[in-house]
Amino acid sequence: MKKTILCLLSASLIFLAAPVSTKAFSGEVTQGAGSYSTTLPTGAATPQNEIYKTANVTSPMPTNDWWSSLAWVPYSEAQYPHPLALKNQQNGLRIFNPSGKITVNPGYIAGWMDDVNDFTVGHSVSASFPDAKVDGFSDWFVKSLFQSGSNKMSATYGHGSPYVFFEFSGGNPKLSFNGVPEVWSGSASSPVLGITVNGSHYGLFGPSGTTWSGLGTSTLINQLNGKNYFTVAALPDKTKATLDKFQQYAYSFVTSSKAQYSYNEASSEVTTTFNVATTAKEGTQSGTIFALYPHQWKNSSQPLLGYTYNSVRGLMKTAEGASFQTKMKFTGVLPSLPDLGSYDKNTLNNYINEAKAEVYSGDRDTYWTGKRLGKLAALAPIADQAGNTAAATQFRNEIKSRLQDWFKASDSSGNLKSSSLFVYNNNWGTLIGYPDSFGSAVELNDHHFHYGYFIKAAAEIARVDKSWASDSQWGQMVQLLIRDIANTDRSDSKFPYLRNFDPYAGHTWASGHAKFGDGNNNESSSEAMNAWAGLILWGEATGNAQTRDLGIYLYTTEMNAINEYWFDVHGTNTPAGMQSATASMIWGGKTVGNATWWTDNATEVHGINWLPITSASLYLTQYSEYAAKNYNDLLRKSGGNFSPWEDIVYMYRAISDPSDAKAKFSARVAAMTPEAGNSKANAYHWIYNLDALGNIDRSITANSPIYAVFHKNGVKTYVAYNFTNQVKTVTFSDGHSITVQPNSFNTGNGSGGGNPQPDTEAPSIPANVRATTKTASVVTLEWDAATDNVGVTGYIIYKDGAQAAEISGTSASITGLSAASTYSFTVKARDAAGNLSAASNSVEVTTEPASGGNEGGGETEDYKVGARFVSDREALLQFTPKTASAYVDVHYTLTGGQQLNYRMTNNGGVWEQRVTDLDIGKAVSYWFTYEKAGLQYETPSFSYTHQQTSSTTTDVPQLPLPSVDPVFEKTS
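Numbered according to mature numbering (1 follows the signal peptide of the UniProt record, and there is no 0), the sequence shown spans residues -26 to -1, 1 to 946.
It is worth saying that the hints were derived from the structure and are not from the lab.
Note that the Cβ used here is the ideal one computed from N, Cα and C, for glycine as well.
Worth double-checking, as some hints may not be accurate.
Simulated pairs of lysine-lysine, DSS-like, Cα-Cα distance not exceeding 27 Å [stated by the list, open to error]:
id	residue 1	residue 2
1	Lys214	Lys75
2	Lys201	Lys27
3	Lys773	Lys301
4	Lys272	Lys75
5	Lys303	Lys748
6	Lys838	Lys748
7	Lys468	Lys232
8	Lys773	Lys303
9	Lys838	Lys906
10	Lys301	Lys272
11	Lys255	Lys232
12	Lys603	Lys272
13	Lys232	Lys272
14	Lys638	Lys611
15	Lys232	Lys896
16	Lys126	Lys489
17	Lys75	Lys126
18	Lys126	Lys27
19	Lys468	Lys489
20	Lys636	Lys611
21	Lys906	Lys856
22	Lys232	Lys773
23	Lys232	Lys303
24	Lys27	Lys255
25	Lys319	Lys638
26	Lys212	Lys126
27	Lys75	Lys489
28	Lys232	Lys489
29	Lys838	Lys272
30	Lys773	Lys748
31	Lys27	Lys489
32	Lys636	Lys319
33	Lys301	Lys232
34	Lys255	Lys212
Simulated restraints, written as ranges between beta carbons of each label pair [to be verified]:
id	residue 1	residue 2	range
35	Lys686	Arg744	48 to 54 Å
36	Arg610	Leu189	29 to 35 Å
37	Thr890	Lys686	49 to 55 Å
38	Ser393	Trp571	41 to 47 Å
39	Thr713	Arg847	45 to 51 Å
40	Asn606	Lys686	20 to 26 Å
With the hints as constraints, model all of the structure from the sequences given.
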């Protein structure tokens, strides 16, 4: 993404008036007080009409993915799913294993494919194909189809898979090499061969009973003998034992992949489960072999195989099975830094007033408008802290008026605007802002960078003006931007799932099309983090826990990827010879450390992954030793000339040496022109806060997401912000607690002083674990509460020795069980410091036989729950509280799919939510959170099987579970 410098003129600020539509034009779609257009303004550029897909692809086409070039060009450019590299071309799929060929230069690490390596899998009858098209996709796998008349070849491949799965029609697999491959296992009469070509090892797996022709030549053909499947696997070595192990899964074809996440607020932990569905072409083997990236295997307890692959991201380790999990700690986000800096308030106010006097004269496209919004959103709370109400009001008024201008597609006469609007492109399933920039329209580049600024600025308004952010006002337009860059509904007909985020790679991709020999790329990881922080803050400010938790998942995962692949904070992924302490940009086929898209200026090479530095950037402070290394590398390259982003450099320097940062900032501030999205006030505020507080303590978490724990010279400072209208107590994992007033930061450092002794005492064992109800698929357990010297924060339920759930109360419903099956359950208690009790008594439960009936709901002294059939495709979930509730939220999954979360509709005291897109026999697992007398409560889980019968409710003896702060564990 190319950047230019903006000019700021000192004059009185000119506000943009929010247009009021009197008559909607044809194509205007209203969203609360705002709207978007389905009609293009005159002269607006659009992405190409052609999408290379088959009729099997009916949902919105993903963009900004590692495989996206397959949808944009007749074949594809090089693709880098790792450990393999692949390219769809006229004669078939070219396969390259770069594992043993990673090269290092002073400025980059490369593992790209050329026009030679290693071989091409084609069709024995069709020597060429007119194109290759997307025939299907899932979270990290894609299927390409080559077709010429009735002759077909499909290839299914994905991230972290050493396998490529082929299916043929009208011919056989034809493998073309540039030389004669070494065949070190198998023969012409055996279906399986082990080969080596150009130093890389492969397993070739034909169906049982098939033979080979061409051994000893540069062309091998597997005679399928009436069968239609074939597999290639990249092998980590050339031993027969390894070939046999990979043969175990070679006929287990991956048909879909799904990454499901959950955020546990009590433990501040993000769990991601990576699942594959497979079909056995031979035998009964299920599952596959995964190759895990460093950010995955370093955060997983999954048993690993001994096989590894080298990659441009570092060492990939392997695991087997149908799934694996990662667990990562979320270290919190703040809406602004607190008013705890060592700054002089008068000096701070001078910088605020300097920003107040500026008139924006930069470009008006989505990126530069976004940068302006981001600058104002950082300034407004700083002005509040300085008592500069006039400046704070002006900053927020400008944010509102700019957002409202962009969030309305018609002018005051009801006509289509020519600029400052969003247009929905139905062909590609995307929202495009005009004026566009950096290919955001034609190539669908950088939407997360651009729109992230809009979302984060809207979150700052929502923090202080809930009405403005409501659905009836401007909230729907903000949610639309979120859906464009990070939609979580896989069944959404308007937007693809998680457009910019790659759940397996753990980070975002910037190019919409990925039409490069190096694959896709992502430069400014910090601007991606800015977007995800915006989702967190918007979700928290508007009470939308689903959006908040999505942001936490994206923020936490991308933070771990940044620390591994951009910064390599542990020094384990970058080979010797790379003479840069940071990556400026990562590609599928390389890691670059010596240039950006537009310059090799050292300050910009380093700074592009720091900016914008705001309160959402505290993740940069987790490794101060690395921050010193990064800064010193920049100092070596630049000689101390930090133009044009010296303000950003001094802010980053404050992480490792705040005294030096203060001195440099003070010496240069008079002559300084801040980076376009920054201000002197923000830089000063950041530097002097870090000077007073220190950096983030990544070892301590909180049971609330809007928090930070700083440490300096052995002193810890605990900070939290409360977005709600009630007083809130925030407890930290070291046992510390603070009280936070409504819509405020905490004003003190809480109980126990600044540096309490760590809590090492485990809770007592939960007693009297018992099963209270059971069905064919659900068992409800209760137990007596455990005790702890500080306090019990939750309980972990184990099913047959494996963790099945973690909750805050003393009752849990374990769902998804098999009928007429016996399970063993135990429970452990957890405290705020993470100490676990010993396991409780074990209780064995045998589920009821399958009845095919409708289990429906239940009733307690507090509420009645029901689910009823509406139509073949729809059911109605109902919750009737015995005491009036201010709100009720329902959380449900469909047959093990993603969890959906909705605020229910109150219909005369009965809260209702329709569940759509059902099929007869589909299972719905659901539970509720509801308000009663100012507190929030949780229900156990219930299940419903969709069929045309009369709904019933049954007595359920559990009492509701109180939780003063809602604890959501959601899966998306």
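The hints, checked one at a time:
1. Annotation: proposed proximity of Lys214 to Lys75 holds, straight-line Cα distance about 23 Å (limit 27 Å).
2. Distance restraint check for Lys201 and Lys27: the Cα-Cα separation of roughly 26 Å lies within the 27 Å cut-off, and the hinted pair is therefore satisfied.
3. Using a Cα cut-off of 27 Å, the hinted pair Lys773 and Lys301 holds, with the two alpha carbons roughly 19 Å apart.
4. Between Lys272 and Lys75 the alpha-carbon distance is near 24 Å, which keeps this suggested pair within the 27 Å criterion.
5. With a C-alpha separation of about 34 Å, the suggested pair Lys303 and Lys748 falls outside the 27 Å cut-off, and the hint is violated.
6. For the given pair, Lys838 sits about 18 Å from Lys748 by alpha-carbon distance, which is consistent with the 27 Å threshold.
7. Taken as a hint, the Lys468 and Lys232 pair is honoured in the structure, with Cα atoms around 20 Å apart against an allowance of 27 Å.
8. Between the alpha carbons of Lys773 and Lys303 the distance comes to roughly 24 Å, so the proposed pair stays at or under 27 Å and holds.
9. The suggested pairing of Lys838 with Lys906 holds, with an alpha-carbon distance near 14 Å, which does not exceed 27 Å.
10. Of the pairs offered as hints, the one joining Lys301 and Lys272 holds, with about 9 Å between alpha carbons and a cut-off of 27 Å not exceeded.
11. The suggested pairing of Lys255 with Lys232 holds, with an alpha-carbon distance near 21 Å, which does not exceed 27 Å.
12. At roughly 23 Å between alpha-carbon atoms, Lys603 and Lys272 fall within 27 Å of each other, so this suggested pair holds.
13. Annotation: proposed proximity of Lys232 to Lys272 holds, straight-line Cα distance about 20 Å (limit 27 Å).
14. With a C-alpha separation of about 18 Å, the suggested pairing of Lys638 with Lys611 holds against the 27 Å cut-off.
15. Distance restraint check for Lys232 and Lys896: the Cα-Cα separation of roughly 19 Å lies within the 27 Å cut-off, and the hinted pair is therefore satisfied.
16. Of the supplied pair hints, the one linking Lys126 and Lys489 holds, its CA atoms being roughly 25 Å apart against a limit of 27 Å.
17. The hinted pair formed by Lys75 and Lys126 fails the criterion: a straight-line CA distance of about 32 Å is larger than 27 Å.
18. Our distance criterion of 27 Å between C-alpha atoms is met by Lys126 and Lys27, whose separation comes to about 15 Å.
19. Under the criterion of a C-alpha separation no larger than 27 Å, the hint pairing Lys468 with Lys489 is consistent with the structure, at around 24 Å.
20. Proximity of Lys636 to Lys611 is assessed by CA-CA distance (about 22 Å); at most 27 Å being required, the pair is judged to hold.
21. Restraint check for Lys906 and Lys856: the C-alpha separation of about 10 Å stays at or below 27 Å, so the hint holds.
22. Between Lys232 and Lys773 the CA atoms are separated by roughly 23 Å; this keeps the pair inside 27 Å, and the hint holds.
23. For the hint linking Lys232 to Lys303, the alpha-carbon distance of about 21 Å falls within 27 Å, and the restraint holds.
24. The straight-line distance between the Cα atoms of Lys27 and Lys255 is roughly 25 Å, inside the 27 Å bound, and the hint therefore holds.
25. A C-alpha spacing of about 19 Å is found between Lys319 and Lys638, which places the hinted pair at or below 27 Å, so the restraint holds.
26. In summary, the hint linking Lys212 to Lys126 is not supported, as the alpha carbons are separated by about 31 Å, beyond the 27 Å threshold.
27. Restraint check for Lys75 and Lys489: the C-alpha separation of about 23 Å stays at or below 27 Å, so the hint holds.
28. For the given pair, Lys232 sits about 25 Å from Lys489 by alpha-carbon distance, which is consistent with the 27 Å threshold.
29. This hinted pair does not check out: Lys838 and Lys272 have alpha carbons roughly 45 Å apart, beyond 27 Å.
30. Taking the CA atoms of Lys773 and Lys748, the gap is about 15 Å. The hint holds against a cut of 27 Å.
31. With a CA separation close to 16 Å, the supplied pair Lys27 and Lys489 stays within the 27 Å bound.
32. A distance of roughly 15 Å separates the Cα atoms of Lys636 and Lys319; the hinted pair therefore holds under the 27 Å criterion.
33. Simply put, Lys301 and Lys232 have alpha-carbon atoms about 16 Å apart, close enough for the 27 Å limit, and the pair holds.
34. A threshold of 27 Å between alpha carbons decides the hint, and for Lys255 with Lys212 the separation of about 25 Å falls inside it, so the pair holds.
35. The supplied range of 48 to 54 Å is met by Lys686 and Arg744, whose beta-carbon atoms lie about 49 Å from each other.
36. Against the hinted window of 29 to 35 Å, the Cβ-Cβ separation of Arg610 and Leu189 comes to about 55 Å, which falls outside the hint.
37. Remark: the range hint 49 to 55 Å for Thr890 to Lys686 is upheld by a beta-carbon distance near 53 Å.
38. Between Ser393 and Trp571, the C-beta spacing of about 25 Å breaks the proposed range 41 to 47 Å.
39. A hinted range of 45 to 51 Å for the beta carbons of Thr713 and Arg847 is consistent with their spacing of about 49 Å.
40. The hint said 20 to 26 Å for the Cβ distance between Asn606 and Lys686, and at roughly 21 Å that hint holds.
In terms of the numbered hints stated before, the structure departs from hints 5, 17, 26, 29, 36, 38, listed from lowest to highest.
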